Amino acid sequence: KAGVTQTPRYLIKTRGQQVTLSCSPISGHRSVSWYQQTPGQGLQFLFEYFSETQRNKGNFPGRFSGRQFSNSRSEMNVSTLELGDSALYLCASSLGTIVINYGYTFGSGTRLTVV
Amino acid sequence: DAKTTQPPSMDCAEGRAANLPCNHSTISGNEYVYWYRQIHSQGPQYIIHGLKNNETNEMASLIITEDRKSSTLILPHATLRDTAVYYCTYKTSYDKVIFGPGTSLSVIP
Chain A
1 KAGVTQTPRY
11 LIKTRGQQVT
21 LSCSPISGHR
31 SVSWYQQTPG
41 QGLQFLFEYF
51 SETQRNKGNF
61 PGRFSGRQFS
71 NSRSEMNVST
81 LELGDSALYL
91 CASSLGTIVI
101 NYGYTFGSGT
111 RLTVV
Chain B
1 DAKTTQPPSM
11 DCAEGRAANL
21 PCNHSTISGN
31 EYVYWYRQIH
41 SQGPQYIIHG
51 LKNNETNEMA
61 SLIITEDRKS
71 STLILPHATL
81 RDTAVYYCTY
91 KTSYDKVIFG
101 PGTSLSVIP
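Protein chains in written order, with the working numbering: chain A, 1 to 115; chain B, 1 to 109.
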């Protein structure tokens, strides 16, 4: 079956612009999490959505936002881009059931470069 | 937030077993231990997870100590393709997954 799909793969934006990244989880997966990865900070948790509700949020400024649609697809938005937002943005999906814990399946990421 | 401690780097000879340790002393009773690896800026790949029993799958084995405060991931016959950063983490159903710096494993020919 298809894996986690993130679009676009690469993106170049200018400071001050905004950007929207998309993630399509594995069919049947209801939980979607977003991570930012930079060489200096490693993998940092942004937020997690389950059944269209934000369940957890990391320590990022309000410029970073996300949402999940009824088909479990998710988008994240970064407004007023800064140079420091340049990173690999990773999306991960899981079944996210209450009783049984499953691992995450990650997408290949979107490489965002802010110039 | 879940906190784990791993050595920053390890070497392993090709064909030998790679044993990667992880300390998770603050884990509580209903939190699962997960292992992932990341190869050269690809998305992390799930390897294995467990609660308190040892687990084995086609990729690796997971040994969890009886007090659950530490675990070891075992790659039984390491190959060059196992060179990656290995992350140990843990979470409950509703908790977020926090990744530490991980262990950079180098498999040497």
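Check before you lean on any hint, since a few could be wrong.
Here are the simulated SDA-like cross-link-like pairs (lysine to any residue), alpha carbons at most 25 Å apart as the crow flies [stated by the list, open to error]:
1. A/Lys-13 with B/Ser-41
2. B/Lys-96 with A/Phe-64
3. B/Lys-52 with B/Lys-96
4. B/Lys-91 with A/Arg-30
Here are some chain B residues the structure puts well away from chain A; computed CB gaps all over 10 Å [said to hold, decoys possible]:
5. Gly-43
6. Ile-47
7. Ile-48
8. Ser-61
9. Leu-80
10. Asp-95
11. Lys-96
12. Val-97
Covered stretches of chain A, going by a simulated chain B footprint (3 or more residues, C-beta under 8 Å) [what the hints assert, rightly or not]:
13. 48-62
14. 79-88
Think of the hints as simulated: they come from the structure by calculation, not from any bench. Here the structure is a predicted model, which means the values were calculated and not measured. C-beta: ideal position from N, C-alpha, C; glycine also.
Evaluation of the provided hints:
A hinted pair counts as satisfied when its Cα atoms are at most 25 Å apart, and A/Lys-13 with B/Ser-41 qualifies at roughly 21 Å. For a cut-off of 25 Å, the pair hint linking B/Lys-96 to A/Phe-64 stands: about 17 Å separates their Cα positions. Taking the CA atoms of B/Lys-52 and B/Lys-96, the gap is near 20 Å; set against the 25 Å cutoff, the hint holds. Distance restraint check for B/Lys-91 and A/Arg-30: the Cα-Cα separation of roughly 17 Å lies within the 25 Å cut-off, and the hinted pair is therefore satisfied.
With a least CB separation of 3 Å from chain A, B/Gly-43 falls inside the 10 Å interface cut-off, contrary to its annotation. Interface exclusion of B/Ile-47 from chain A breaks down, the closest Cβ pair being 8 Å apart, not more than 10 Å. Interface exclusion of B/Ile-48 from chain A breaks down, the closest Cβ pair being 8 Å apart, not more than 10 Å. For B/Ser-61, the shortest C-beta to C-beta distance to chain A comes to about 16 Å, beyond the 10 Å cut-off, and the non-interface label holds.
Residue placement check: B/Leu-80 keeps its beta carbon more than 10 Å from all beta carbons of chain A (closest about 21 Å). Separation of B/Asp-95 from chain A is inadequate, the least Cβ-Cβ distance of about 7 Å not exceeding the 10 Å criterion. With 10 Å as the threshold on Cβ separation, the claim that B/Lys-96 sits away from chain A is violated: the shortest Cβ distance comes to roughly 4 Å. Not every Cβ of chain A is farther than 10 Å from the Cβ of B/Val-97; the closest lies at roughly 7 Å, contradicting the non-interface assignment.
Here's how the stretch 48-62 of chain A fares: 4 of its residues keep a CB closer than 8 Å to some CB of chain B, so the rule of at least three is met and the hint holds. Counting residues of the stretch 79-88 of chain A whose CB falls under 8 Å from any CB of chain B gives 1; the rule of at least 3 is not met.
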